[in-house]
Amino acid sequence: MTAIYKHPEFRIGARDMMALAPGMAAWGLMTGVAMIKSGMSVVEVLLMGLLVFAGSSQLAALPLIVAGAPMWVVLATTLCVNLRFMVFSVHLRAYVMHQGFWRRLASGYFTTDLTYVQFTKRFPHPANDAIGKRAEEAYLAGNSALGWLNWMTAGLLGIALANAIPVSWGLGFAGILALMGIMSSLATTRLRALAAVVAGSVAVVTYALPLKLNIMVAIVLAVAVCLLLEKPMLAAHAVKAKNPTQEP
Amino acid sequence: MNKTDLWTVVTIVGMAILTVITRCFFFLSSNPWAMPAWLQRGLHYAPIAAMAAVIVPEMVTTQGHLISTWQDARLFAVAAGLACFYWKRSMFGTIIVGMSVYLPLHVGLGW
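Note that the protein sequences, when read in sequence, are chains A and B.
Numbering-wise, our numbering puts 198 at position 198 of the first sequence, and it's gapless, one number per residue.
Numbering-wise, our numbering puts 37 at position 37 of the second sequence, and it's gapless, one number per residue.
A few of these clues could be false.
[As the list claims (entries may be wrong)] In the DSS-like style, the derived pairs of lysine-lysine whose C-alpha atoms are separated by at most 30 Å in a straight line are:
| id | chain 1 | residue 1 | chain 2 | residue 2 |
| --- | --- | --- | --- | --- |
| 1 | A | Lys121 | A | Lys6 |
| 2 | B | Lys88 | A | Lys121 |
| 3 | A | Lys6 | A | Lys133 |
| 4 | B | Lys88 | A | Lys37 |
| 5 | A | Lys133 | A | Lys121 |
| 6 | A | Lys121 | A | Lys231 |
These aren't lab readings, by the way, just hints derived from the structure by calculation.
All chains, please: the whole structure from these sequences, using the hints.
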C-alpha cells in the first residue's frame, strides 16, 4: 500500500481546504492574539493553541480562565460549545469504523467543522469497498493536514505579533466569511437552504442561552423541521422505498 | 497573571481531552449499532444547520443583542460575500471580497 499522501484524494482534500485558508488563517491569527491579550502566560497560550485545536471553545474559555472560574465551569463550557461535534461523530461513524481505535481518535480529533463539512460533501455516502475507504481516508488526511498547518501557523504568528495587531480591526470576521462560503456551497436543495434559515434564526433568538447552547438547539430544531417537511415528499415516493422508514 | 499556573495547565489539558471525546463520541466504542433511517436522513441537514447556527449570530448581534442599525460593516460584507459566491462560486473570492468591503467600513468609518 502506498503512502496516504501520495493518493490523489489527499491533494484534492488539501486543495478544497486551500480555498478557505485565508479566512481560517485570519481567524487563527486573531485567536492567537486574543489568547495573549487575555493575560494568560505564554506557556499556557502555547499549550492551549497547540493542544485544544478548537477555536470557538478556546475563545469561550478565555474569559472564564482569566476570571479564575472553577475548572468544571471551564470544562462544562468547552463541552457545550463542542456539542455539535457529537452530532458530526454520529455522521462520521460509518466512515471511520473500519479503522483501529487510535486511528479513529486521530481521525476525529483532526476533523474540525470545515473538514467535516467538506468531507461529507465530497463523500455523501460511506464507501463499501477498500478502494473507496482508502480514498475517503486520503481526502480526510489531506484536508485536515492543510487545515491544521494553516491554523497553527496563523495562531503562532498571532501569538508572536499580538501587540502589533489591534483587535479592533476585526480581522477575525474573515473566519465567519469562510464558514459562510462553505455554507452557501451546501445549500444545494430547498430543504437545505431552509435548514440554514431555521438554524440561523433559532441561534439568534436563543442567543441568551448559557454556554452557547443556542448552537445545539438550532441544529436540532433545523434538522427536525426538515425531516417533518421531507415526509410528504417521501410519501409520494413510498412505493420505491425498500424499507418502511421509522419516524421519531 | 503572566505566571504559568499549574491548575490552568490542567484545565487546558482537560479541554484538549474534551475536544477528542466530543469529536469521536459516537465512534469511541466499536459495538455494532444500526442508525435509524430517520436519523440517517436528518444528518444530511446537520452540516449546513451547524454552519448557520455558528455564523448568523456573529453577523447580526452585538453583545448578545440583535443590532438595530444598518450602519454595521458586517451586513455589507455578508451581502458582498454572498453576491460574490453566487456569481463566481468561489470561496476564496467570497472571503477576499467580503473583507475588502468589511475593513474600510469597519476600520475607516467605525461601522
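query = Between A/Lys121 and A/Lys6, does the CA-CA distance stay at or below 30 Å?
reply = With a Cα-Cα distance of about 22 Å, the restraint between A/Lys121 and A/Lys6 holds, given a limit of 30 Å.
message = Holds or violated: A/Lys6 and A/Lys133, Cα atoms, limit 30 Å.
response = 15 Å, holds
message = Holds or violated: B/Lys88 and A/Lys37, Cα atoms, limit 30 Å.
response = The given pair, whose Cα atoms are some 38 Å apart, is violated under the 30 Å limit.
ask   = Are the Cα positions of B/Lys88 and A/Lys121 separated by 30 Å at most?
value = At roughly 19 Å apart (the allowed maximum being 30 Å), A/Lys121 and B/Lys88 satisfy the hint.
message = Just to be careful, I want the Cα atoms of A/Lys133 and A/Lys121 compared with a cutoff of 30 Å; is the pair within it?
response = Given that 30 Å is the threshold and the Cα spacing comes to 15 Å, the pair holds.
request  = Would you check the hint for A/Lys121 and A/Lys231, treating anything up to 30 Å between C-alpha atoms as holding?
outcome  = 23 Å, holds
Of the numbered hints listed earlier, the single one contradicted by the structure is hint 4.
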